[in-house]
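Here are the chains, one letter per residue:
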Amino acid sequence: MKAPGKMLPRIVGFILRRPVTVRYPKERLTPPEGLRGKMKFYPERCINCGLCARDCPSGACTMHDVEGGKKQPQFDLDFCTFCGQCAESCPKQAIEMTKEFELAHYNKGEAIVK
Amino acid sequence: MPRVRLPIGPQHPALKEPENFMITLDGEQVVDVDIRIGYTHRGIEKLMESRTYIQNLYLVERICGICSYAHVVNFSQNVEEVLGLTIPPRASYLRTLVLELERLHSHFLWLGVAGHEIGFDTLFMYTWEDREVVQDLLEDISGNRVNYAYNTIGGVRRDLGEEQKKRVLDGMDYLEKRATFYKEVAVNEKTILSRAEGVGILKPEVGKRLAAVGPTIRASGVAVDIRKEDPYASYGDVSFDVITTDSCDVLGRVVVRVLEIFECIKIIRQLMEKLPAGDLVVKAPRKVPEGEAMSHTEAPRGEDFHYLHANGTDKPDRYKVRTPTMANLPAVVEMLKGTFLADVPIIVAAIDPCMGCMDRVLLLKDEEKPGERISWDQLRVYANTWYANRGWLG
Amino acid sequence: MNSLLAVVYLLVFPGFLFLFVASLFGQYLDRKLYARIQRRVGPPLLQPFADFVKLLAKEDVVPDYADRVMFTAAPIFALTAVFAAFLYLPVVASVGLHSFQGDLIVVLYLLMIPTLAMFLGGWYSGNVFGVRGGMRVASLLFSYEIPFFVALLSPAVLAGSWRLSTIAGYESGHPLAIIVSLLGFVIGIIALQGKLERLPFDIPEAETEIVAGPLVEYSGRRYALFRLARDAELFVGAGLLAVVFLGGPYPILVSQPGVLAWVNGFVMFLLKTFFVIFLLILMKSAVARIRTDQMVSLAYKWLIPLALVQITLAVVLHSLGGLL
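Here the protein sequences line up with chains Y, L and G, keeping their order. For the first sequence, counting from 1, position 74 maps to 74 in this note's numbering; every step adds exactly one. For the second sequence, counting from 1, position 41 maps to 1041 in this note's numbering; every step adds exactly one. For the third sequence, counting from 1, position 289 maps to 2289 in this note's numbering; every step adds exactly one.
Chain Y with its partners taken away, still in its complex shape (with noise of 0.2 angstroms):
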């Protein structure tokens, strides 16, 4: 039958029935294996090939001067986009994206990952 209010009887009973929001900072969830976050870079296996920054789509990688006069990569989290694809161009797996995601911060240049 079309009636005004047809969901209501099969709804009603969520009043006492725990919400299915978070309460963030209180309760977590997890994020699932594979969630590209924070990457995490390994100086020793780099090889200063360059690919990462040259495929970086919006800026976050560049490269810049070491000890030895050789260059590596540096990522600033706020220009990046967490697509993952310095991880995949990194010929040596010196890339990897870890699970961590909560990365706010105040001020612009403090999430720099070296």
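Hints listed in this document are in silico derivations from the structure and should not be mistaken for laboratory results. Hints should not be assumed to be uniformly reliable.
Claimed, not checked - Stretches of chain Y that chain G covers, calculated by requiring three or more beta carbons in the stretch to come under 8 angstroms of a beta carbon on chain G:
#1 20–27
#2 97–108
As the list claims (entries may be wrong) - Each pair of labels, with its calculated beta carbon distance range:
#3 L:E1205 x G:A2050: 48 to 58 angstroms
#4 L:L1169 x Y:G13: 22 to 32 angstroms
#5 Y:E96 x G:L2279: 49 to 59 angstroms
#6 L:R1318 x G:F2049: 56 to 66 angstroms
We put the CB at the ideal spot given by N, CA and C, even for glycine.
Fit chains L and G to the supplied structure of chain Y, relying on the hints for placement.
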């Protein structure tokens, strides 16, 4: 009663994105509509010309937040066509899987938005809760909830494990139950019917003439579906129906989308069953030889069309995108004429507009006053003096 | 001493301060239960109060093209009328703070003023959405006021009095009267929902159509007053229905002497009022907003004829000598 010109937009709660509908009202009745677009022009096409194909994968994805994967698939298909690559069957199946999951999430999202436009916020909350299930699945499969970054040129970037497969199937069982609930509610709730039935009429011949696409035209009884007519990815391997209704109104568009949810679930189950083993990606060179390609996919909102002109470097020479909203907007003008002001939001929402994806062109000309271009620095000086004149700057 | 007591009655309990708290609690209940039905968490208990205080502290803008006097006066009118109407409701004792033969009519008229104030506020705000919303308010006024009036008159006819406390007393003595006027109660609830501009009748301030209608230009203190007036109207309107249809502060059958009766009456009144508010919340939780023309045709095709049936029933029963 005198005629009133009422601006809907660029900032208006009914529109989630800035676009301007100048509505001429006679009482509560809409006499004329003037659509002005271009408020969210981002220059993506131009930007693509200065980026490599790998970088463009992630830029193309950001044309639209909801149907992002359809754009990436289009882009990859274009590049693969110019390169002459054939992607492995497993990659093709996985692409289809993500495309269908995306359609599911888009349709659930739209159902909620449509509910919100007619004040049915409870429906909005429920559908968005169910959409979380799809998004969790997408996050599980691809590593992100929106803009999945799942595709790459020549295949896909991640494999699907057995456990993930099971989670996808479990999710489908849950969503099927929920969709059945919405199917009952949508066509039986009196207040929804009174708002959707006979509203925003688009006759099939008008719709065809104005080249409407997707669920908008399918609700007018025209069975147009790129998945069926020109199967891409693995749509040729699965069986599904093209849903049409002939009620030509907003209710028809609701029904088409709700029934398409069931078709999505059907397709995903078949994909999970038939998923072949094999490689995920074929190696693609960085430089793309000279050539051009066109690709179209059935995005959740309708036909999404991409064109690529490559010039032998690692950057495209020209790229063109035509999103489904662009094709549907002329039909909106037809639908709006003669309706009530109260129906404007739901009629506009019924095509599932994505204004941000649509704005490919920015017109600097205005018929009333000639346009004036100012540079960023001039704008900054202007803003500072404007605030200083009001004494709002220290 | 007596006059001091009167001031306490008027300002603290069961007067303005009580109404203020009760309205904010009504708003809390409205938001919380609505959220729970939608499976959200909902606001904490003090949120309505915090909102009110925050709004008082906010910048208060009067648009250049608005009529300053009317723009300011509209929320004050609305609030005053609702607070005045509350004085006639028998909240604690069987008689309200002020009571006379015919106070039902006064309350009904006072409860109409917030609607008119909304119209004026929208009209004089000079905003195109405000004007449009104001016109919607005015055009819908009669579609819910007539059934509301007629429905509320039927218990009065049954009781043979226009006095709220007498009607409530009659109903507690004759529980059958509640069942006889059940139809009127349903119409009253629907019309009250329209009067309060809540879903599915929130046409004048339809967010997705005309932004917030009459309230679009209001901010700061004036907006806070309007909001408070709306919340108070919710409580007073629900209280009125509770008094007229459900017997107000009278316990349904049992009655105690002395202070206990006083407490009992107050608890009964609150229970019945919040029961009505609960019905209003349920009503808005699973419907879509209807259109102006649909609202008008609903009122004239269904609500008014049914209200007339109800009052005819009441007149016939009364002329036959009333209920037992």
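Query raised in the report: Quick check: which numbered hints come out false for this structure?
Result: The structure conflicts with hint 2 only, although it agrees with all the remaining ones.
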